[in-house]
Every structure is written in C-alpha cells, then in structure tokens.
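Sequences listed follow chains Z and P, in order. Under this note's numbering, the first residue of the first sequence carries the number 1060, and numbering increases by one thereafter. Under this note's numbering, the first residue of the second sequence carries the number 51, and numbering increases by one thereafter.
The hints are simulated quantities; they were obtained by calculation from the structure and are not laboratory data. There's no promise every hint is true.
[Stated by the list, open to error] Only some residues are given here: those of chain P computed to face chain Z with a beta carbon under 8 Å:
1) G94
2) T96
3) S212
4) G272
5) S273
6) H276
Virtual Cβ for every residue (Gly too), placed ideally from N, Cα, C.
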Amino acid sequence: MAETTVKYGLMAQFDTTADTLHAAALVRDAGYRRWDVFTPFPVHGMDEAMGLPSSKVGWFTFCGGATGFTIGMLMIWWMNAYDYPIVVGGKPLFSPIYSFPVAYELTILLGAFGSLFGMLFLNRLPRLYNPLFRSARFSLVTHDKFFVVVEATDPRFSDTETRQLLERAGARHIEEVRD
Amino acid sequence: MAETLVRSVPSIPHTPPELERKPLVLNQRPFGWLSDHIAGVAEGKTPRWWWIAFVPSFTLMVVCFSCITYLMTTGVGVWGLMVPVAWAWDITNFVFWIGIGHAGTLISAILFLLRQRWRTSINRAAEAMTIFAVICAGIFPLIHIGRIWLGWWLLPLPNANSIWPQFRSPLLWDVFAVSTYFTVSLLFWYMGLIPDLATMRDRAKTRIRQFLYGLGSLGWTGSNRHWSNYEKAYLLLAGLSTPLVLSVHSIVSFDFAVSQVPGWHTTIFPPYFVAGAIFSGFGMVLSLMIPLRTLCHLEEVITTRHIDLMCKVIMATGSIVGYAYAMEFFIAWYGGNPYELYAFKNRAFGPYWWAYWTMVTCNVISPQLFWSKWARMTPWFVFIVSIIVNIGMWFERFVIIVTSLHRDYMPSNWAYFIPTWVDIWTFIGTFGLFLTLFLLFMRFLPMIAISEVKGVTPQADPHHPLGGAKAHH
C-alpha cells in the first residue's frame, strides 16, 4: 500500500503564535512558494509574515451588490411602469424613491452572496478530501496547535534543507505527509 | 524590510499595568480548554435539564401549529381582530419577534466593526437567536393574510392575473427586507460556523458525526491563505449586515409611518424602532445567556463583565426609547394637528391606558436601574429586568398598533380589541418554536464561536508574552 502513496510535503508543528509567525517569515524569506500555515484561528500579522497579497473577496461583493441594485431597479421599473402600469393616487409610474428600499435590500442580499461564495471560490472550498487529513496529528489544528506545511511540489523543496529550515525555526515536531 | 519584521516579531515593549486589557476569558484558560468546554456542550450525554426545557418547548410549538391549523381551516374569524383594529395581535407579534432578532445582528456585525472584542463570547448564540426570532416573526404576516395559500402573491412572480406586486407599498418593501434579513443572517451565521464545524469534525468520536460535521465544515483546514479570504469576507458581511439591520426595522416602521393614521404617521419612527429593537433583543440575549452560562458551566467565557456591558447597551437604548416616547408627545402637541394630539392623549389616558403605562414602566423605568453597578453585575437581577424589558417591548408594539387603530375618524367605527384564546396561544406557542430551535442549536452546534474566542485570548497575540513573544530587556 505504501508504494501507491506519493510525498505531499513536510509538516512542522509549533505551539505558540509567536513561533509560528517567526517560522512563516523564515519560510517566506527562503523563497518558497507552495507552502501554507495552518492555525486554529486567524493570527494577527500572519498575512504579512507569509507575504500574502490583500484578499480579492471585495470584488465579488462589489459585483454582487451592483448586480442586486441594478436588478432591483430594473425589475420594479419593468413590472410597475412598463409591463403592467397601474396609476395609484396619481403618483408617477416609476420613481427611484419608492423603488429604493427594495433595490437596497437586493444590493445587500447579492453582495452577501458575493462575499460568502466569493470567499469559498477563492479558497477552492468545499474540498472534502485533503492529504493533510491523513495525519492524525493534523487534527489538532482546530484545537490548539499550529502547523507550517511546505509542499513537495515547491521547486525549492528538498528533504534535508527544508527539514533543516523548519528545525531552525523551532518546530516541535516534523513529519512527512504522504498522499 | 523582511529582516526587520523577523527580528521585531518576538520582542515587545513592557505594558504598564494600567494599560493591560481586562481578560475576556477568565483564569487564562488555554486554547484546548476552550474547545473542550465549548464543543463539549454539544457532545456527550444529553443533560437532564435539556430535556426538562425541551419537552415543554416542543409541546408549546405543537400548540402554535395547532392554532395555526385551526385558523387556516376555519378562517380569521377565530381571531379577535376586526375593523377598525385590522392589524392587531399578529402584527404586534411580528414586530416584537423581528425586533428581538436585531440584537443578534448588532452583536455580530456592528460590534465587530466597532472592534468590541467581548462580542466573541455571545455572537454565535445571538445570531442563532436572530434566525429563530425571524422565523417566528415571519409566521405572523403570512397567517395574517388570511388565505395563506395565496402567500406567494407577495413575491414578484407572474400570478394568474398577470399582475405584478405593487412596489409603492411599504408592505412589499417589508417582504424584501425581512427575507433579505433572514437570508443574510443565515449566511453570516453559517460562515462563522465553518471553522467551528471543523473543530467538531476533528473531535468527533463516531463516523456519522465526523461525516456530518465534515460536510458542514466544507473541508476547512485552518489554512492561513483561507483565513485571509475568510476574514475579508467576514468583514464585508459585517459591513453589509450593519446597514441591513438598520434598514430592516426602519422598513418595518415604514409600514406604519408611510400611512396616514394619527399615531403612526411620524418621522421619528425609523430610529425609534431600531433603538427599541436593539433594546428588546439585548433583553432576549440576556434572558437566554444568563441561565445557559450556568447550566453549561461557561461562566469563565460569558463573564459578569459581558453581562455588565450588555446591561449598558440596554440602558442606552432604553433611554433612547424613553426619549422617543417623550418626543412623540411633544410633537403631537407642538405639531398642532388635533387628530394626532387626540391619538396620543387617548394612548395614555384612553381605554388602553393600562397597556401604555405597562409599557412606560417596563421600558423607561426598568432600564434606569442599570445605573447601579450592583444591578449590572448580579445575574439573577439582570435576568428579571431582561424579562421585564421584553414584556415592555411587546406592549410597545401593542400600544402603537391597537391604540392608533381603535379610534377611527368616525365614532361609529370605534371599537375595543380583545384577543381570543387562539390569538393568545398562537403567540405563546411561538415561544415554544423559538426555544425548541434554540435548544436543538445548542445541543448540536457550538453555541460560542470557538475560533473567535481563541483569537481574543492573550496567548493568541504573537506580540504578547503568553503568545510566546519575548519581552524587552
């Protein structure tokens, strides 16, 4: 059975947020590209320590919100002023004032869909299978431990050098993850 | 630049004691303790108190649905409403329940934007409360339409007569506001649950639990590349929910304010309704959290400081509500409209005087007790006041709706609304529905946001000595 698995990467465990942040900065400075930090909660400053660019979720939110507002206004104009106009109390058939509350709610509704589904899309979730789940120790990532994983597909990955780097960073435990 | 970051990370200046943050979790509990104790509530054997609470709640829920079935099969004549009080008990209940929900969104969204870190201990349960309260609220306008099987006419779907909904009506704005509110609250709540469902998955002892929590957590690993997008999405959802929650009760108040009825046609309604909603919602959060923190042994996570802070919100919003009551009277007199003035005199001294003064006692006087620190720090006392606040806010909606309607312009149209047993039991039954849903929630899902509470502990901060940072010498 062991023959069918391939090496996924090296997983190093840390016990405190300061150690993890320090290790992340070391791995970033060593020039690795296919690696990640796993934490039970978002650690302040980790994005900078990993050198991550700002998240792009906002664009999905903006597109959702803009779509919602446009759809709301067009729908009300089309239904109440074009497709079946009914004069009520001599008021105009369409006005951006009376249609605003509904268009406003739709802006928020589709903006919220954009945020959640944009986040899931950028994170490529749902993804129910992950090689890291094969490690029994990794289940502590949602409990109280912190992990730095360098993938074997990284061009700079080397069994000895990467392991040495993680050891130098103060890892409490290093293990190889196989897929 | 990268070099300086690496070198500066582990060292921190010493914090003077007067600037130390007060701990949000008592006794410096470690991360593991938090997951064990919070997730533990939803694991293991069901405690006896849960069944003692669940059985009567479930029975009341059955009573609620039985009353609704009786109403649907017989007709709205089984209710006490009539002309001129055509909006009576049911719309009172609708506004009451939708208002309850507002505290959940205030805690989850507005306090998040204001960086109030204490919200993390209560936001999950408060958001659940929001969702369940909106479900209870949604029932009432739907059954109030009488022919409930035509409820889909409220939606912009092509109906049999090829007529579209009338978007000039605030009632239709309400349909959009409430359904958006429900959907966005659900999305926000679920998104907050994803990392905690992963915790539940990793702790699961049985295959079925592992599978179900695993499905819910969508394969969450705690990857920082994921957290980065997640935190941005959370911030954006908070930013969207804030104008949403303010708009929902404003639009509910438009149902009244846009009409021409004396007592309803006032511009103060939107802010006054929003303040009242937050006031009543915090009352409900406290009514739920004070017993639960003891029953679930979570006093170290939901501390008396949390209760103290919530009491201050109640005091502030209760004072806004009291100011609004006074301002309504002032404008009724100062505005010079005889119908408006009559409506308000009648509200306080007319046939429904007892409802008006119950409302004033509960909503204006009771929150002022929280000026005393003892009152804010004593859970049993806060619990009693929180119940009084909710009674008062129900009466507020009753007063606004019934007293404004029962004196029509023509004295021949005057009437006195009395609820029937169906009215009363439908309303009491919704508490059964609400509590049933809430008890199921806390039995199967983590009722406190585990990952968020971990994030506000001192050891979560890489620049804090407990987070592993080394102090300056």
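- Would you pick out the hints that fail for this structure and give their numbers low to high? 1 and 2
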